[in-house]
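Spelled out from the first residue to the last, the chains are:
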Amino acid sequence: MFVKFLNAAVFAGTPLLFGTTGEMMNEKAGHLNLGVEGMMAMGACAGFMAGYFYDSILIALLAAFLAGMLGALIYALLTITFMANQNVTGLTLSIFGVGISNFAGEFMLVNSASNTLKLPEQITAQISNINIPGLTTVPVLGPLFFQYNIFVYLAVLIAVTCGIYYNNTKTGLNVRAIGENPGAADAAGIKVTKLKYINVLAGGGICGLGGAYCSMIINGGVWMNNPVNGQGWIAVALVIFASWKPYRAIFGSFIFGAFNILKYYFPKTIITLPNALYDMLPFVITALVLVMTSIRKSKENQQPASCGVNYYREER
Amino acid sequence: MRANDTNYAIELKGITKTFGRVVANENVNLSIKYGEILALLGENGSGKTTLMNILSGIYYADEGSVYIDGKEVFITNPHEAINLGIGMIHQHFKLVEVFSAMDNIVLGTRGRYVKNSALKEEILEMSKKFGLETEPDKKVYNMSVSEKQTVEIMKVLYRGAKILILDEPTSVLTPQETAKLFAILRRMKDRGNAIIIITHKLHEVLAISDRVAILRKGRVVGTVKTGETKEKELAELMVGRPVSLEINRPETTSKKTVLKVVDLSVVNEDGTRGLKNVNFKLKSGEILGVAGVAGSGQRELCETIAGLMEAKTGAILYNKENIIGKTPDEIINLGISMSFVPEDRLGMGLVGSMDMVDNMLLKSYKKNKGFIIDKKPSRKLAEELVEKLSIITPGIETPVRMLSGGNVQKVLLGREIESEPNVLITAYPVRGLDINSSYIIYDLLNEQKKKNVAILFIGEDLDVLLELSDRIMVLCHGEVMGIVDAKNTSKEEIGLMMAGKKMEGADSDE
Numbered sequence: 039m040f041v042k043f044l045n046a047a048v049f050a051g052t053p054l055l056f057g058t059t060g061e062m063m064n065e066k067a068g069h070l071n072l073g074v075e076g077m078m079a080m081g082a083c084a085g086f087m088a089g090y091f092y093d094s095i096l097i098a099l100l101a102a103f104l105a106g107m108l109g110a111l112i113y114a115l116l117t118i119t120f121m122a123n124q125n126v127t128g129l130t131l132s133i134f135g136v137g138i139s140n141f142a143g144e145f146m147l148v149n150s151a152s153n154t155l156k157l158p159e160q161i162t163a164q165i166s167n168i169n170i171p172g173l174t175t176v177p178v179l180g181p182l183f184f185q186y187n188i189f190v191y192l193a194v195l196i197a198v199t200c201g202i203y204y205n206n207t208k209t210g211l212n213v214r215a216i217g218e219n220p221g222a223a224d225a226a227g228i229k230v231t232k233l234k235y236i237n238v239l240a241g242g243g244i245c246g247l248g249g250a251y252c253s254m255i256i257n258g259g260v261w262m263n264n265p266v267n268g269q270g271w272i273a274v275a276l277v278i279f280a281s282w283k284p285y286r287a288i289f290g291s292f293i294f295g296a297f298n299i300l301k302y303y304f305p306k307t308i309i310t311l312p313n314a315l316y317d318m319l320p321f322v323i324t325a326l327v328l329v330m331t332s333i334r335k336s337k338e339n340q341q342p343a344s345c346g347v348n349y350y351r352e353e354r
Numbered sequence: 015m016r017a018n019d020t021n022y023a024i025e026l027k028g029i030t031k032t033f034g035r036v037v038a039n040e041n042v043n044l045s046i047k048y049g050e051i052l053a054l055l056g057e058n059g060s061g062k063t064t065l066m067n068i069l070s071g072i073y074y075a076d077e078g079s080v081y082i083d084g085k086e087v088f089i090t091n092p093h094e095a096i097n098l099g100i101g102m103i104h105q106h107f108k109l110v111e112v113f114s115a116m117d118n119i120v121l122g123t124r125g126r127y128v129k130n131s132a133l134k135e136e137i138l139e140m141s142k143k144f145g146l147e148t149e150p151d152k153k154v155y156n157m158s159v160s161e162k163q164t165v166e167i168m169k170v171l172y173r174g175a176k177i178l179i180l181d182e183p184t185s186v187l188t189p190q191e192t193a194k195l196f197a198i199l200r201r202m203k204d205r206g207n208a209i210i211i212i213t214h215k216l217h218e219v220l221a222i223s224d225r226v227a228i229l230r231k232g233r234v235v236g237t238v239k240t241g242e243t244k245e246k247e248l249a250e251l252m253v254g255r256p257v258s259l260e261i262n263r264p265e266t267t268s269k270k271t272v273l274k275v276v277d278l279s280v281v282n283e284d285g286t287r288g289l290k291n292v293n294f295k296l297k298s299g300e301i302l303g304v305a306g307v308a309g310s311g312q313r314e315l316c317e318t319i320a321g322l323m324e325a326k327t328g329a330i331l332y333n334k335e336n337i338i339g340k341t342p343d344e345i346i347n348l349g350i351s352m353s354f355v356p357e358d359r360l361g362m363g364l365v366g367s368m369d370m371v372d373n374m375l376l377k378s379y380k381k382n383k384g385f386i387i388d389k390k391p392s393r394k395l396a397e398e399l400v401e402k403l404s405i406i407t408p409g410i411e412t413p414v415r416m417l418s419g420g421n422v423q424k425v426l427l428g429r430e431i432e433s434e435p436n437v438l439i440t441a442y443p444v445r446g447l448d449i450n451s452s453y454i455i456y457d458l459l460n461e462q463k464k465k466n467v468a469i470l471f472i473g474e475d476l477d478v479l480l481e482l483s484d485r486i487m488v489l490c491h492g493e494v495m496g497i498v499d500a501k502n503t504s505k506e507e508i509g510l511m512m513a514g515k516k517m518e519g520a521d522s523d524e
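Chains A and B, in that order, are what the protein sequence lines are. Quick note on the numbering used here: the first sequence kicks off at 39 and runs consecutively. Quick note on the numbering used here: the second sequence kicks off at 15 and runs consecutively.
FYI, nobody ran anything at the bench for these hints, they're computed from the structure. Keep in mind that the hints are not guaranteed to be accurate.
Each computed BS3-like pair below joins lysine-lysine, with the alpha-carbon atoms no more than 27 Å apart [to be verified]:
(1) K176(B) <-> K208(A)
(2) K153(B) <-> K208(A)
(3) K208(A) <-> K162(B)
(4) K229(A) <-> K176(B)
(5) K465(B) <-> K381(B)
(6) K176(B) <-> K283(A)
(7) K337(A) <-> K290(B)
(8) K229(A) <-> K134(B)
Partial list, computed: chain B residues near chain A (C-beta under 7 Å) [claimed, not checked]:
(9) Y73
(10) I96
(11) K108
Sample of chain A residues with no beta-carbon within 12 Å of chain B, all distances over it, derived [unchecked claim]:
(12) F91
(13) T119
(14) S150
(15) N187
Glycine residues also receive a C-beta, built at the ideal position from the N, C-alpha and C atoms.
Next up, chain A with everything else stripped away, as it sits in the complex (with noise of 0.2 Å):
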């Protein structure tokens, strides 16, 4: 029972994770980009469509993260280029993508045969659980580590992958230069633009495979409207949960999505609590995180200093 709970937690917290490492990467560079959900959307309806139309997971993979892209390439411009205000471009980019997706969701829906979409063969076969020979059968460990869905094993590279860009390398090091100090950071030579685009637009991918994941997987791989449902918000949340470390993203997306699902697997034997209350947690514990963090006074695991502020290089 415990080991199936672990499982489903691992299962809800993959599309967090996904767009928890996004916006990481998008704050690590400076940029507060609220329109994750709206990244997601977009990454979901394109990954589905396009495993819909081509049954191949490496095409559904790569729509999903040029769409995603697409989004955080319209925020890019927008906020870097632009220099527009962060925070509203963000909400309007979570607004568009949400409402893009479900206006091609809803149209592909009117002009299908039976009214519904479901993913081809092949394709359900491509994402459906991993099973690898002699190790998925170890038990206990077999089940905890190596039975998951592709999505999954990929969401945990890409976190990792994320770790030791920003921790051991030259690249990662001036992006968070970026972040805390654009001015510092293109006085020392540091391309600020260049590297913020790249960060940003990257980010932006990675969440665009998070929507996927909430299209083809959570709902079983049929089409529904709006199937991102606000994860792209909680990922937003988690960031600060995480104190902006990726390492800690992977377990902070376990840890919210055991929450996810805790009204599922929680004994009804012991108490009965509304569904409602179950789903509050993560933001209960994502305001005790913030409030602990800000008792701690300490200057590190703080958001990028400069998180929020374009920069502007002749400005006075």
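We have chain A already, so just place chain B on it with the hints.
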């Protein structure tokens, strides 16, 4: 000796740069050789920093050309400037606070991943070579100002800069730290580097430079050999007319203790020490100068007296009444007035987007009776100030942020004085002002002193503190190092105290 010893390291020809309608630099010609220290002298707003920012790629000149080693170059971004061997140490340090010294030093340099230990060795070796002291693992937010400056210098050296530009490097240093910095600069000069030092302090120009270029209103008005000039000549070139560099110190008779601070300790919001066991007396008709490296507790002292910060222990007695725990409003009504000019000049006291009239109202609207505000007295006051302090403004209805720094400060100080306080606390009132405006402010303060106002003057420039104040209190890490008679002390003595040397019997202010 370098092969191209006779060639210029940098030549600027006909540089012009405008910001909107403001001309920051106009047809500037300048050159510097390797193995030479050039001082760029000019008042605030004369275009020194703009000019150097053009060299370091922050700004791009509208007209004119830049030659490095005799070749014309186009520096469109800081990256190119670094590649050309130009390193700039900005007045407001360009450091990432949460990074270690080492991370800041390697920031933006080539290479993918450097092993920490090897890099640390390299940095330590370089510091030794130039006589610098660095702790590679120390985080910048834990550093003192002079440590931060050392990191900035290391950053520039690590990139192999041959041409160094230092923007007002001594404004935050104690005299001893300044001497140390100058020694390092001379060593670099001997190694064949070209060094440009931006400053407005005349004695420093004479102490360190080989040549001086003087800027006034964006133009180069003269270049002289340091050995062939004197302070007075430089000042005249800088200001454009004969100036007197004397500051008056009128004698007053009434010396009654107005404000007595007893064992005052303050803890900052982030848990760090603000003030520790501060004791002093402020008398009527005197200017008590406060010296100290930036961030030594000056801000905390001002804010605690003004009632903006909470004291942990101790008392502030105003005519024997403890004012700790009173609201800022009550304190103002007692006749204690504060004007604090922060680095961005507008941050405290004035609202940038409001005009002069509304800013005057900020202090007086509570005395207004009835529901609707009567603007007439404020308008009258604003007009008086404009005339009395020769504030240059398109009109009293112009938002104050549109005024130049000096005029903003005159508005702030003028308003505070107009409320006829008994105690006037003023921090950095001449920050960023040209010589002329500074002297107007000094006169204003002296005028108040003659009216027997007790003045706490928090300053940056030791020379000014020594000439203007009656007594000088030195702060270091929130503690009083000593209070000395301004007539019988020296810069060196104050410098030592600023660096943390406690004077004997510093705790008793008698």
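Given as non-interface: F91(A), partner chain B, CB spacing beyond 12 Å: holds, 40 Å
Check on N187(A) being off the interface with chain B, judged by Cβ distance over 12 Å: Correct as stated: the minimum Cβ-Cβ distance to chain B is 33 Å, above 12 Å.
Restraint status (C-alpha distance of K337(A) to K290(B) at most 27 Å): At roughly 23 Å apart (the allowed maximum being 27 Å), K290(B) and K337(A) satisfy the hint.
Straight-line alpha-carbon gap K153(B) to K208(A), limit 27 Å: holds, 18 Å
Residue hint I96(B), partner chain A, criterion CB-CB below 7 Å: Check passed: Cβ of I96(B) comes within 4 Å of chain A, closer than 7 Å.
Hint consistency between K176(B) and K208(A) [alpha-carbon to alpha-carbon, up to 27 Å]: With Cα atoms ~24 Å apart, K176(B) and K208(A) stay inside 27 Å; holds.
Agreement of hint Y73(B) with chain A interface, Cβ distance less than 7 Å: holds, 6 Å
Given pair status - K176(B), K229(A), alpha carbons within 27 Å: holds, 22 Å
Straight-line alpha-carbon gap K176(B) to K283(A), limit 27 Å: Outside the cut-off at roughly 38 Å; violated.
Least C-beta distance between S150(A) and chain B, which was stated to exceed 12 Å: holds, 49 Å
Whether T119(A) stays farther than 12 Å from all C-beta atoms of chain B, as the label says: T119(A) is indeed farther than 12 Å from all Cβ atoms of chain B, at 16 Å.
K108(B) as chain A interface residue, shortest Cβ-Cβ below 7 Å: holds, 4 Å
Checked against the numbered hints above, the structure violates only hint 6.
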